[in-house]
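Model the full assembly from the supplied sequences, consistent with the hints where possible.
For the sequence shown, the positions run 12 to 302 when the working numbering is used.
Take every hint as true, because none was put in to throw you off.
Capping the alpha-carbon separation at 30 Å, the derived lysine-lysine pairs in BS3-like fashion look like this:
# : residue 1 : residue 2
1 : Lys299    : Lys226
2 : Lys299    : Lys243
3 : Lys299    : Lys117
4 : Lys243    : Lys226
DEER-style ranges, computed between Cβ atoms:
# : residue 1 : residue 2 : range
5 : Lys299    : Gly26     : 33 to 39 Å
6 : Phe126    : Glu301    : 24 to 30 Å
7 : Gly26     : Gln265    : 18 to 24 Å
To be clear, the hints were calculated from the coordinates, so they are not data collected in a lab.
Note that CB positions come from ideal geometry on N, CA and C, so glycine has one too.
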Amino acid sequence: MTMDVERIAEQSPTGGPPDWDFAERSARAYCEILHANGLRATLFIVPDTARRQPDLYLDLAETTGAELGMHLHPQCWRDRYLHADRHDYLGGYAGQAQLEMLEVAKAEWMEAIGFEPASFRGGNFSANDETFAALVEAGFTHGSVSQPGRAVTRMRAVWSDAIWDVHRPHRAFRGAVGDLDFIEVPLTSDRAQHEHWTGVGDVRLESAEASQVSKAARQEVMRQVGEDIAIKHVCILTHNFVNYWSSEGDGRAQVLRDTIESFQSLAADLGLEMVGSTTADVRRAYLKTEP
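In structure tokens:
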């Protein structure tokens, strides 16, 4: 269960919460609902938000077991939002330029939070064939960088026919299994649907119903069981501009609770144990499966 933690909307052209109070309430409610149900969040936090609200995320890590990772939208970083059209998505930069951004952004994140982030997700799942190698060079060891099936060229985010299961990425081709020291946890989507603007059945919690999330999860886990995939996973996305403290109006608290309940039912139906893992937990589990 992941959340992309953005800056407020006026500083984030790609989307963000209306104000900092909303941002805090969203992240806290999300993590607390997960924690109450035996699950833990992975929070991918942009550096500027890490600097604005460090105590909040450190508290959520301590009280709910959330993992704190780094998120980055190049066009929303620092003061770039003032001229966002002059900057590209992450996948629009060559490897060396990505590495330089990642290293500087990571240093800012570390200064705010107090420790080194190991997990990463790029904004809009933007990446190219040099991204994973740049992440490894920058010191990241795991993350959720891909959305298999996504095909949004304008965002430099094309994951057509990418790997749907937890894996080590390839150094030269992002859509293949390789041997990099990085464990990738792909986002779960409904591969049977293609009408969404991403090109795949996107089941992010702010727009999908619990039944749609459940369908995508069931399809993937049943396939993983049938193919005897070592790490059977479901990875779900949301953002800190979503109301998780209420079910009234546009509140999504009940959708989150219903989604969790559907995962519990899925595990029971298949005789599996549902483990509320962070991306760091998935890395550790994956490494144990390797010879």
